[in-house]
Structure formats: structure tokens, C-alpha cells
Amino acid sequence: MILFDLLFMLLVAYITGFLYYGLYRNITARFQRRLGPPVWQSFLDSIKFFSKEESISHGWMFYLGPVIMMSGAIMTLFFIPLFHTGESFKGLSSYGNLFLVLYLLVLGALGNALAVGASGNPFGVMGVTRGLSRLFALELPFYISVIALISVSGSADIVCIAASQTEWNAFAYPLLFIAALFSFVGMMGQAPFDVVGAPVEVYSGPASEFSGKFLALLMSQSAIFTFAKLVLMVHLFLGGASGFVELLAKSFGLFLFVIAFGAMYGRFKTPQSIDFLLKVPTSIAIVGLILATWS
Amino acid sequence: MEFSLYGLSDIVLSLKVTALANFFALLIVLSTLTVLFIAPNYRLKRSFYLLFTLLVASLFLIVYAHDYLLFFIGWEVMSISTYFLLSFTLSKEALHKYILFAMASALSLFVAILLLYSTQHSFLYEDAKQSYLAMSDGVQQLFTLFMLIAIFIKLGTIGFHYWLVDAYEESHNLFTPFLSAMLSKMGLYALILFVANITQATYVLAVMGLLTTIIATFKAIEQESIKRLLAYSSIAQLGYIVTVLSVADGMGGALYHALIHTLVKLLLFINIAGVIYVTQKEKLSDLGGLIYKLPQSFVFLLIGIIVLAGMPPLGGFASKFMIYTALLDAKYLLLLAGVMFSSASAFIYVYKLIYGIYLGHPTHKNLEEVKEVPWTFLAPQYLLASLLVIIGTFPGLVIPYINRILGELNLTLLSFETIQTLITSYAQYNGFVVMGAFGGIFVLVLMMFMLLRSKAKKPKNRFDIAYCAEEPNEATHLHYGYSMGQELKRVGLIHLIAKNSSKYFYDFLAKQMQYFSEVVRKIYSGNLLLNFNIAVLFLIILLLWSLK
Amino acid sequence: MFEFLNQPEVIKTIVTLGAMSLFFVGLFGLLTRKHIVKVFISIAIMESAIFLLFIGLSFNREKVAPIIDATQTQVATMNDPIPQAMILTAIVIGMAVLALGVSFAIEYYKLTGKTEIDTMNEMRF
Amino acid sequence: METGFLQEQKVLEGDLNSENSHQNSVDFLMNWFRKQSIFVLAYGTGCGAIEMPPTFTSRYDAERLGIRGAATPRQADVIIVSGYCSYKTLRRIIRTYEQMSNPKYLLALGSCTVNGGMYWDSYNTIKKLEDYLPVDMYVNGCMPRPESILEGFIALQKEIGEGKASSWQKYEENYEFYRKNQEAVLGKKVEPSYEADWYLYEGGL
Amino acid sequence: MSSTLFIALPLLFGFATPLLSRLGKNALAYTSVLMQLSLLGLALSLLLAHSSTTVELISIAAPLGISFVLSTASLLMVLLFTLLMTLFSLYYLFQRRANAYANESKFFTLLNMLLAASIGLVLSSDIFNIYVFFEIAGISAYILSAYSKTALALESGLKYLLTGAVASIFLLFAIVLIYLHVGSLNLAVIAEQFQLLPYNVKLLISLLLLIGFGFKVEVFPLNFWVTDVYQGSTSLVNALFSGIVVKAYLFVFFHILYLFLPQGEFTLFLLYLGGVSMLVAEVAGLRQTNLKRLFAYSSLGQVALIFVAFAMQNIQAVQAAFFIVIAHSLAKFMLFLALASLEKTEQNMHIDRLKQIDSPFLMVMMFLAMLSLLGIPLFVGFVGKFLLLKSLAVEGMLTLLVMVVVASFIEAIYYFKLMGYMLHKGTRSEKVEVSLGEKMIFVSLGLSLLLLGVFPMSIAGFLQNAAEVLLDQTAYITLLVGG
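Residue numbers (the numbering used here), protein chains in the order written: chain G, 1 to 295; chain A, 1 to 548; chain S, 1 to 125; chain V, 1 to 205; chain R, 1 to 483.
The following block holds chain G by itself, in its conformation from the complex (with noise of 0.2 Å):
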């Protein structure tokens, strides 16, 4: 039975989260007054690349690298439950707590970070290091909003966080929700935080050795861990969600905001984006902390 709750997850997570990609370029485009890629295009291109003749793999490392960032993002999905109500699609969410999902959030670009390494490639070493520069910035809102919610909640269990409340966590605690927006927004490799994978400066960083069904898993993934991380964000803040259209509208809801926002930014440089994060959204989300938890 709970295999097929993850199958299914994972089948939802894959589908919707190529949907909400090709959607995003599509909208990206409007943006930018052009038509833009159908819908599937993502699909396409994905599909395209596990079709590849051939693809170079620098060794076993290099070789591991996409797998390591795959688990880590079917992981992470795992461990979120879809909804915070009924018994089903739960997941694995029993087995674990919000720590180890923060921790699983970074476990696969890690591990992708050494496949990176093993690639010899310095345009890629660029690119993660710009990248984990940037992430303990990135994460430091996250962190303090997330904190304040397990301690207002009483639990570091999602599902209890997500059941909790009682009106949205972005409405109750504001200053929370913008500050740990911040973080998502240059979580989901959205501008002003997307330098890492800048593709002038950086020859697409990371994942520029990458080819053919490499890359294509590194999309899949990508797909994947952006539901992921949609789902998270709902449960966190948006009330949580009882059933798939909910789900859906809720992140579907949090998706365009954070295109949008990222189709109306330039891009920071690294120094520049940590050094907003520290300041900026770290104070929200100090004083967001401080009033949430004022007793």
C-alpha cells in the first residue's frame, strides 16, 4: 500500500512538475510579449535527452552524481506529505521531521556538487561554488521562519505544522512568509538568486559537463524537486492541502509568484545576493520570529 502511496506520489511529483515547467516558460515568455513553448515542451526536451546516442561520463563519480541528486529529490518528496488530512499519500513524512527535509533539500545538489568535481570541469567547480556560497545565505531566512513555526506548532512534523493552522501561517506570521519567500525564491534557482547556473558568465555552471541522459535526469529531478518544494511551502505556510485541487491551486498559486518575481528581477551577484539575504530577509525573519514567539 505504501508503495503504491510513492508510486503515485512520485507520478503526480513528475507530471505536474513538468506541467508547472513548461507553464513556467510559457509564462516567462508572456512576460517577455513572445509566444513562447508549448505546454510539454520540458517533456520534450527531457525525453529528447534520455534519447541521446551517447553521453560523456567523466567516471563512476561523475556517473553517480545525477542518481545521487535524483534520490535526493525523490527523497525529499517522500518525506512531505501530499496532503495533511486523511491517511493516504503520507509518504515516508511518519518516519522523519522538517530537519531532515531542510537537510534533504540540499542532499542531492551535494551530491551532484562532487559528480561536478569529478567532471574536471572549473566552469562546473565555479558554478557550485558560487552555489554553496550562496545556500547558507539562502537558507538562513528559511531556517528562522521554519524555526518559528515548529516552535509556535509545538512539532517539527509537517503534517501536525500544516494541521496547526488554524488561518494560513502567511497570514498569521507575515513577516515569516516574505522573509522564507526570499529563500524560496532563490531556492527554485529563480533570479535575483540565479547566479549559479548563469550560463554567459559561468558556461551554465554546474551542469556544464553534463549531456545527453545525464541531463535528462538532472531535469526529471528538477521537475520533481520543484513540486517537492512547492508541496513543502503550502504545508507551511499556505494551511496545507486536503486534496489535489487544493494542492494544486495552492502551489500552483505560490509557482507564479515566484516566476513572476523572478521575470521581473536582474540577477545579484554572489557577493551581493548573500550579502541581501543576510541582511534583508534575515532582519524580516528575525523580527517575524520575534513576534511569533513573543509570550
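Calculated from the structure, these hints are not laboratory results.
Hints are not guaranteed to be accurate.
Unchecked claim - Derived EDC-like pairs: lysine to aspartate or glutamate, alpha-carbon spacing no greater than 20 Å straight-line:
| id | chain 1 | residue 1 | chain 2 | residue 2 |
| --- | --- | --- | --- | --- |
| 1 | A | K92 | R | D352 |
| 2 | A | K460 | G | E53 |
| 3 | V | K180 | V | D131 |
| 4 | A | K511 | A | E126 |
| 5 | R | K417 | A | E93 |
| 6 | A | K45 | R | D358 |
| 7 | A | K455 | V | E173 |
| 8 | R | K417 | R | D358 |
| 9 | A | K460 | V | E176 |
| 10 | G | K269 | A | E487 |
| 11 | A | K458 | G | E53 |
| 12 | V | K88 | V | E98 |
| 13 | R | K431 | R | D352 |
| 14 | A | K460 | A | E474 |
| 15 | S | K63 | S | D80 |
| 16 | A | K489 | G | D275 |
| 17 | R | K417 | A | E170 |
| 18 | R | K355 | A | E93 |
| 19 | A | K455 | G | E53 |
| 20 | A | K281 | A | E417 |
| 21 | V | K88 | A | E470 |
| 22 | R | K149 | S | E107 |
Claimed, not checked - Under 7 Å between C-beta atoms, here's a sample of chain V residues computed to sit facing chain G:
| id | residue |
| --- | --- |
| 23 | M30 |
| 24 | Q36 |
| 25 | G66 |
| 26 | Q75 |
| 27 | N102 |
Note that beta-carbon positions come from the ideal geometry of N, C-alpha and C, so glycine has one too.
Starting from the known structure of chain G, fit chains A, S, V and R onto it as the hints suggest.
Frame of chain G; chains A, S, V and R shown alone:
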């Protein structure tokens, strides 16, 4: 076992086997055995082993002592034997730095225990609390100050770590694992005794711990020498423990993390020792691309850094989880955020470490000819890595033992159901499921991935990389990431950490001391006339003073 | 005319004042003179001051010399012999020390040509 | 009735979906996917590169056809040789081409790639790209407007869909020929110093 | 009779040296060893047979006489002195540095005078005798200091002599005042009547005694000569100065102090004087590069530590003081002998030369001595320092405790600097040969440091007894006067 010392009936000393002592003794045995395993690779003098034995004996004395006098004796003997052990490789300056801090630590411990003795006339741990309470407020603060200085120097808490980094960097590769795994743990043991028996200096520990973790992490990111990097990492890891000891129920997490840190630092330093043994290079900028030459070592370092970074599913996450929930329980939320922040920053140096050594391109010709390290290096790594994996899979395995210690210290026990799970009031974590799920998913994805039609082909040489259509060659600078983190200095807040160093403070202190000495020794000018005058002046002052 | 001088109190005062002024003369010399021989002389003056003080204060005109013979058997009427013995010893010792010091000074002068004690600071700090 | 670029889109898509033959179903499927998704290496080799940005951005929006840029040769399907090609550039083009993974396609712009064009007597440009690398599609014009480039892409997509665009196989089969020509221009110690790996293939992982 | 022997025998031997030196080339060295051994044996036999304090009187007339008191405390000092002298004679025998002391017989005369005077100081119960021994010790020390007749040696001799002369004047002044007011020279009698004197007289006498002895016990503003003397004298002689002479002065000063000097605020003043001396000495030594002078500063610090311990005036602290006396005597003796062994070519060693010297044995021995001086556990130095600090803590003198600890830390700085030089990795050019006999002496000294440190209980009872006796004022008075 109680007895008196020096034929003085008023000093009662005692050796006692407690669960806490056993815990640390176990770590000592483990460290000693693993370290001795790699010893045959080095040609060491007999005096080295003699001193090492003395050191281990003093560690046991520290651990099993049940009063502060024996503890202090062990502490001093440890410091001195370490001094002579370090003297085999350390430069004069580093050695001097080490011993000055060690002496400062020992002497402030001495003052502290004497203050403790002054009220109840007992050195025993049981009486420590009463002795402390019997002091006046000012003396209490003085006592806490001296005690914490002693402990912080041993732990290398930030501000007191000036000696530690150089000592780690220059110490013998055989001795570094022991230094990091055991000697700093003795500081921890002292801190645990202090917190459990006397008083929990909450704010001091919290602030110092947090500063330590954050500053040391960013300092570690800057380093280019492997051992320096790991030294700062040690400091940061111990900072977590100091932080968690500041809260009421932090002891469990602290002990857990102490165990994990001992294992992982042994693993990492032995691994590094192996790499240095085969390559003779100690700088990240001189290494690189060793992954296919030393595949086993690579895997062990990988396991090590996963644990160090606190990533699930290995043991590192379990201990971090305990620390986090302890802080959460105490509602030290910003502290928790700070700790998690530094934990996230640790990813950078962890990656830098593994990249600089194993990934990327070899920076020297002779790196392409090295062979896998001898089995004597690998065998202890197998042991330690499997221990870490087992603890990661069954994180509840050590809880009963920790509970026994906590029970002995009259602290709240950790909840325990099965060996697979860690349960706290906030959440639970099932290591077995996480490990199983990760393993299962990984294998499934890998299998499906391998079944794909697309051929994975291997480039003929390592220069076949996407490099903006240019053709790199031997002379091209391709090993990039070893200087990772330098750009962080452009961020104002981090620049502040990178720019400042306790070095400046201690240099200033030393300079002032020298000036002072220069002034004072002018008294001994060799001019009798002057000195007779001084003497008579002294007499006159005395007369006036007594006639007042 | 100077009969009052025979009173023991007056004698003791004079001796005390005289010895003390001598002592301070010596002390002054010790503290201000640089020449080694002058320093020795100052020391000798200080010593003599103390000898004078002691002898002067312990000597009693009423009593006789402490020599026990057929006529003198009453110890109570004798002067105390110990101060004199002590001072004799001290004079001998002081003499020896001064002689030794002068011999050192001569040897030192032969080697270095220095006579002032404030320049004898080959060893310092 | 759509107007403007929406109408154009319809026309182009209609052209794309023409039927093809002589492929088994797996190949057909694969080729269909490849046709729908084309990653073009963002590498301006000559003067014609100036026409590429408008092609890919809002005005002409190649992405609606599934055509988008890729930064590295590892991820690209198509490389565009945009106009004249000096020896110096050729060296880079060859390296980049060999780093792309199969299947890969080469699109040549302008007359210079056909016969040297106005550089027919230049001492340092090649005259005929076909001698050095296999070309799937030429787009004429000096320079071709973005419309023409899109036209060329659509034609390429059509060929891919029919399984006809197989220049990469041609390159592998006639490697000695191409190699000889390359060495004739670039010298015996021709870069890339590594050998084309598939040529001495040793097996993958 | 036996306690007189301690003074008579060395004096006898000392004045017989010109005759003995005629007997043969090494006769003097051997007979000296024999003589010292017999003294040591005598002291040991006294220790074994000893039950209570004994008084010995050399009578002149019925009320007058010179009395020696052999108590546990003074026996301890005598034992220490004879032991060190024995080792010194043995070292001299083994080292064979005849050329450094061309006129051996004179040298031995002076040595024995020094020993006799030191023992005399410890044993005398008569304040004028103390003055006489004070001077004898002084004179022999001046000559020993200037013995090699180089410019430095003469300078140090002169300085020593001048300060000694001034000190003796002050002491004599004090004695004169005491006699004028009390009418007796016997310590016990003085002690009985001293408290009855007017305040101003007591004060003046105390200050004069403090100044007189202050020069000799090396407290802060009066210790300026010490470093020069140590630097100018040979290391061999320094070993005796720091091992024996200072200890004798310290002992007698505090003996007198306990007996009749005012208590209370004065004691507190002495304590802080000791603390300040220690700090000043250690700070001044911090940048010293001349080894002998460095050890002199260290001696100043250690002596100040003993001063503090004695000034505490309770049994535990005095016991601690005895421990430190033993520890410091043995360790400094060892260090200076080691320095003498190293100094074969050059008299004034710069610390840089420690990098050149290739003699692992001497290095290890010096490590042992230094660690003991620093008060590292397992060495006897620790026991003394620990007991002292413990009693400071118990008395609540926290400022002083911190002062002592800070001074110890500063001492550690320069001692570990020395060790750093000794552990310096690099080529070592100067090989120093150490003969088997010398090795035996060093090993026995080092072992005694270690053994006493590990098993201090073997002597702790004896020392405690000594401390009790030394502090017990009434017993001393009844013994001498009432008995």
C-alpha cells in the same frame, strides 16, 4: 575508590568508575587503537611511544578521577606529554604557542579548583555544587571565569583557539587524529563535569558556542591547508557541543555529538594522513584528482564529510538532530537558527576539502602515479566508517548508554523505543527507514538509469572538457575550487570575520608584555648607587607607612 | 661649668645624637658618592656610628671594668662586658670585609680602570 | 482567424508535422522528440551571429518551435556556423563539434560556408565547410534574416523527423577524409590534440 | 656535641686544606667527598635517632654561652645542605675542571666556610652568633663570587660585598637596639620580652631587621644585586648560592620573625611584598637571554614564593615552604650543574647556544629540573606549590593566589622558551661529553625530584613536624629559658 594524597589526611581523593567515565574511556581506547594502527607506517622514536603511553595514561586518569585534584594532575600531565609529543614536528613558535595556552589553561583550572576547595575543603565532585553555592557572588563569577578559560582553551573555543590551529597543522600525522579526537574531548569532559556538577553558565556557553561555530566555520572556509581546515572544523564542531550544553536538556545531544565527532575526526584525519603519506603534500592547492588513484580513501572521506556536514542518512544527522531539538526545547530559537546557519555554511569547506584532494585535476605530475594508501590506513577507516553507517542506520543504538549517563547525572532521560528511531518531544526520526529509502531509491534509479539506451562514453583524457571551445593542457589552471570561498570575503559581514583574528589580540598582548618586561627589568640596572637609593627610599616609605 | 655633662642622661643623648648624625653622614655618603673608596669610607663611618652608639649607651660611668679579680667580685657593680666583646668582633669583621672590598676594587681597577660604582654596570638588565 | 505571429506559428507547425517513412516505431518516436526539441549552441563563429539573437528573442521567438540556446557543447544538438570561418575559428568549431554528443547537427549560414563568398581569396579563411565538417543544412543569404534562419531550422527539423539528418554518422564514417583536410589547413600538429574518442572507442562506464 | 660538629668539621677541614692538598693531586677532592659524606651520615643518623629538639651549649661562663638548637626544622635544613654539598663534591670530583680553580685548596677552604656558616645560621639560637655567621657566609660568598678574577667576577664580587656590608650594618644596628632594650642576645629571651617594648622601638627594630635580612633573602626592592652576582659568578658557585646560602638566610629570617617580630598587618605586608617580588622577578626575566642571569631571575621568583609560603605562618604553608625549598634547591642545583657541564668553552651562555648543543642527556635532565620548578604534577615542585596555593585559598587570600599563579605563568613562558630552544630541530654542532659520574649525579637528582613528587608522603610527615617545630614559639622559649 577513595584515598588521600601526600600523606595529608585533609585531602580526600577518589577514583570512580562511572558511566560517563566509561563513555570517554571507550573513546580513548578506540582512538588509541585506531591511531596505533597507522603507526607502523612511520619511523618513530621510542620516546614517542613512551610519551604517548604517558599521555594515554593521563587521559585515563582524567576520565576516572572523581575529584578535581586528580583531574587537574591528569590535565597537566596531558598538557606536558602532549607538548613533548608535539615537539617532534612543531616549529618553535607553534610549540611555544601551544604550551603557553596549555599552561594558561592548567593554571586557571588550578585557580578554579582551589577556589572550589576554599569553601568546603573538598575536591570531590559530589561536594562541588555545595562548594560553589557557599562562595560569595564575586568569587562565584571568578571561579566560573577561570574554569571556563581553562576549558575553552582546551576546546579551542573561538578567541582561545590561537594555539590549536597551528598545533593541529604541524603535528605529526599520526598524532593529529588523536589530538582532534581525544585531547579536545577532555576539554569537553571538563565542561560536562562543570555543567553537570556545578553550574550551567547558560549565556556564556550559548554566546561562546554560537560565535565559535560561526566564526570557525568561516575561518575553515578560508584555509588552504588540509589540516588547518580540519582544525577549524574541529573547533566549529565542538562549538555545537558548547552551545547545546548551555540548555537544560542538552547533555544527551552533547554526548551524542561527542561520540560522532570523535569517530568522524579520527576517520578524516586518518584519511588525510594516508593521503599525505602517499603524496607528501599538505595543501589543497597541491593536490587534486586523486579519486581514481585512491578510490577507497575517497569513499571514506566522502562518508566522513557527509557525517561532518550532518547530512542524513549517516550518523552526523542523528547527533545534529538531537542538538537541534534540545535547543528547540529550550526555546533558544535564534541560537538554533545560528547553529543551523553555520551547519549550512559547513557545506562549503566540506566540499572544498573533498574537491581539493580527490576531485578536479591533479596539480602535479607525480600525483598521477600514486597508489592506494596502505591497508594499515584503510583498516581503521573501514571500522570507523562502518560504525558511522551503523549509527546512522540505528540512531537509537547508543541512546540506552547515554541514558545511563544521564541517569547518573540526574538529568532527564532521552526517550527510547527502538534502536531505529530517535524520539524527541518535537519529532521523531527513523534512521533505518531513511537509510533504507535512500538506498532503495538510489539503487532503483541507478538501475533504471543504466538500462537507458544512451551509451555513456569516457573521454580519452582529462582535458576533454567543455572549456569555451579552448583546448586546455598541462599548463592550464584547471583545479579551481581549492580556493573556494575567497569571494565570500567580498561580503561585508564575512569580511569582518575573515579580516580579524585573535592573532592580533595575542600579538598585541605579547608586545605589551614585552614592553612591560623591558621597563621592569630596568630595575636591575646594575647600578648600585641607584639601587641603594631605591632601597633607602623603600625604607623611608616603610617608615612613613608604619607611622601613619 | 660643664658638670651637667656628667649626668648619664645628657651623655646618652649626646652619644645618641652624635652616633646618629655620624650614621646619617655615612648614609649620605653611601647614597651620593660614586667613587668606590668613598663608598667604602661611608660604610666604615656608618659602622663606626653603630659601634659608638652601642658602646656609648651601654657604658656606665658608675660601674667598674668587668674584670674579676681578688678585689672585684661583685658582678652587679661591673659594666656589661658583652657590648665590648660584640663590638670588638664586629670591628674585626668589618675590617676584614673592608679590606676584602678594597682588594677587589684594586683588582677591578687594574682590569678595567673603573673607580666609580655607577659605571660598574657591565652586567645589567 | 489568428493574425500576426500566431498565424505564422500555425503555418510553421503544419509544415513540421508532415509524415515520414522508412523508420521503425522506436526510431520514429525518438526522432519526433529530437525534432521537437532542438538545443542550439550559443556560439557566434562569424558575422552571421548578429542575426541569432533576434531569432531567439521576443521578435522571432524560436522557442515556440522548441528551439532554444544551450551554453555548452555537451548539451547542444545543433551548432551554427554563421558565415565565414577563419582557420582560428575552425579549430574551435571542430573541437566544439567533437564535444557535442550524438546525434548532432550542423547548420551553416551564408555563402561563405559554401564557397568562401567574399572571402574567396582570403589567406586565412576556409572556402568550403563541407571539406572539414559535415553540414546538415545551409541557409542562404548574406546574412540570412531571422526568418530565413527559422526556415532553415524548420527544414532541419523536418529532416530530423524523417531520420535523414545524419551528418554525424557521415563524419564518423569518413573521419580520415575530414581529418586530412583539417590537418591540411591547421597543420600536422592540429589541435585538438586528443583524438576523437568514438574513433578509438573503448567502451563506456 | 653532634650539632657542633656540623660547624666544627667543615671549618676544621676548610683550614686543613692547604695541608691536605700536599698529599696528592686529587687528595683534596677525595677527602672533601669523604668529609661531606661523613657529615651527611651524621645528619642521617641524627635523623634516625632524633626524637625531640636538643640544645647544645658551648659555655663561656655560667650565664653566657653560645647555644645551638637542633630541632627537626634545622635538622631538615642541615640535611639538605650536607646532601647538596656531598653531591657538589662528587660533581667536582667527577668533572675535573682543575684549570678553572687553579688554587684548589683556597676554593675548598671557602666552600667549607660557606657550609659551616650556613649551618651555623640555621642552628644558632643567639642573635649575635647569627650576625657572625651572616658575615662569615657573606665573606666566603664574596670571594667565591669573585674567585675567577675576571672583570665580571670582580664586579659581581664587589657588588655582592657592598650590598652585604650595608646589610650587615643594618643587621648590626638592629642587634644593638635589641640588646640595649632587652639586655640579652638569646633569641628565646628576646622573644619573651620583645612584646613588652614600646611600639616605636619594635617598629624600628623590625624594619632594620627586614632591611638587613631583606638584602639577603632577595625581596623585591633589595634584590638588585642578585642577578649581577649570578651572572658574574661561575655556575658551580651559583649552584651553591641558590641551593644553600639563600635557603639558610630565609630560614633564619623567618625563624627570628616567628619568634619575636610583630604579627598582623606586618605579616600581610610581608605576604604582598613576596607576591610583588615574585611578579617583578618573573616579569623582568621574561626577555633575558643570558642563561645564568635568566636562572637568577627564576631564583628570585622561587625565593619570593618561599618567602610568601613562610610568611603565611601556618603549619600547612610552612610545610609547603619546606617542600618548595627542597624542590627549588634540588632543581636549581641541578640546572646550575648542568649549565656548568655545558659551559666548558664559554662562561656566559646565550640561550641561542642551546640550539647548537648536542647532549640529549643533559637536555632531558634540564627538562626534569625545569618542569619541577614550574610545578608540574609528578614533580616535587608541584607538591610545594599546590600546598601553598591550597593554604592561600583556604585563608581566602585570593589576590595573592592569583598573583602567584600569574607569576608562575610568566615563569612558564620563559622556561618553555628555553625548552623550545632545546627542542629546536636542526643540526647540532657542539657535542658535550658527560662522564658517567656526572650522569649518576644528575640521574639521582632527577630521580629524587620525580620520586619525591610521586611519593611526597615519604617526607611529608617529617616536613610537617619541622613546620610545627618552627612555628612553635612557646616550646622554643621554654626549651631555652625555662629548661
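Hints, one by one, checked against the model:
1. At most 20 Å may separate the alpha-carbon atoms for a hinted pair to count; K92(A) and D352(R) meet this at roughly 13 Å.
2. Restraint check for K460(A) and E53(G): the C-alpha separation of about 18 Å stays at or below 20 Å, so the hint holds.
3. As the CA atoms of K180(V) and D131(V) are separated by approximately 9 Å, the hinted pair is consistent with the 20 Å bound.
4. For the hint linking K511(A) to E126(A), the alpha-carbon distance of about 43 Å lies beyond 20 Å, and the restraint is violated.
5. Of the pairs offered as hints, the one joining K417(R) and E93(A) holds, with about 9 Å between alpha carbons and a cut-off of 20 Å not exceeded.
6. For the hint pairing K45(A) with D358(R), the CA-to-CA distance comes to about 17 Å; that is within 20 Å, so the pair holds.
7. Between the alpha carbons of K455(A) and E173(V) the distance comes to roughly 18 Å, so the proposed pair stays at or under 20 Å and holds.
8. Taking the CA atoms of K417(R) and D358(R), the gap is about 18 Å. The hint holds against a cut of 20 Å.
9. Proximity of K460(A) to E176(V) is assessed by CA-CA distance (about 19 Å); at most 20 Å being required, the pair is judged to hold.
10. Simply put, K269(G) and E487(A) have alpha-carbon atoms about 11 Å apart, close enough for the 20 Å limit, and the pair holds.
11. For the hint linking K458(A) to E53(G), the alpha-carbon distance of about 14 Å falls within 20 Å, and the restraint holds.
12. Annotation: proposed proximity of K88(V) to E98(V) holds, straight-line Cα distance about 16 Å (limit 20 Å).
13. Restraint check for K431(R) and D352(R): satisfied, since their Cα atoms lie roughly 15 Å apart, inside the 20 Å limit.
14. At most 20 Å may separate the alpha-carbon atoms for a hinted pair to count; K460(A) and E474(A) meet this at roughly 15 Å.
15. A distance of roughly 9 Å separates the Cα atoms of K63(S) and D80(S); the hinted pair therefore holds under the 20 Å criterion.
16. Proposed proximity of K489(A) and D275(G) is supported: the alpha carbons are some 11 Å apart, at most 20 Å.
17. Among the hinted pairs, K417(R) with E170(A) is consistent with the structure: their alpha-carbon atoms are about 18 Å apart, no more than 20 Å.
18. The straight-line distance between the Cα atoms of K355(R) and E93(A) is roughly 14 Å, inside the 20 Å bound, and the hint therefore holds.
19. At roughly 6 Å between alpha-carbon atoms, K455(A) and E53(G) fall within 20 Å of each other, so this suggested pair holds.
20. Distance hint between K281(A) and E417(A) is unfulfilled; the C-alpha atoms sit about 48 Å from each other, more than 20 Å.
21. Pair hint K88(V) plus E470(A) holds up; C-alpha atoms about 11 Å apart against a cutoff of 20 Å.
22. Distance restraint check for K149(R) and E107(S): the Cα-Cα separation of roughly 8 Å lies within the 20 Å cut-off, and the hinted pair is therefore satisfied.
23. Proximity of M30(V) to chain G holds as hinted, the smallest CB-CB distance being about 4 Å (cut-off 7 Å).
24. The beta carbon of Q36(V) is positioned within 7 Å of a beta carbon in chain G (closest approach about 5 Å), and the interface hint is therefore held.
25. Contact between G66(V) and chain G, as hinted, is supported at the beta carbon level, the nearest pair being about 6 Å apart and thus within 7 Å.
26. With its C-beta approaching chain G no nearer than about 6 Å, Q75(V) sits inside the 7 Å limit, and its interface hint holds.
27. Given hint, N102(V) at the interface with chain G, holds; its Cβ is 4 Å from that chain's nearest Cβ, closer than 7 Å.
The structure fails hints 4 and 20 (numbered hints given earlier, in ascending order).
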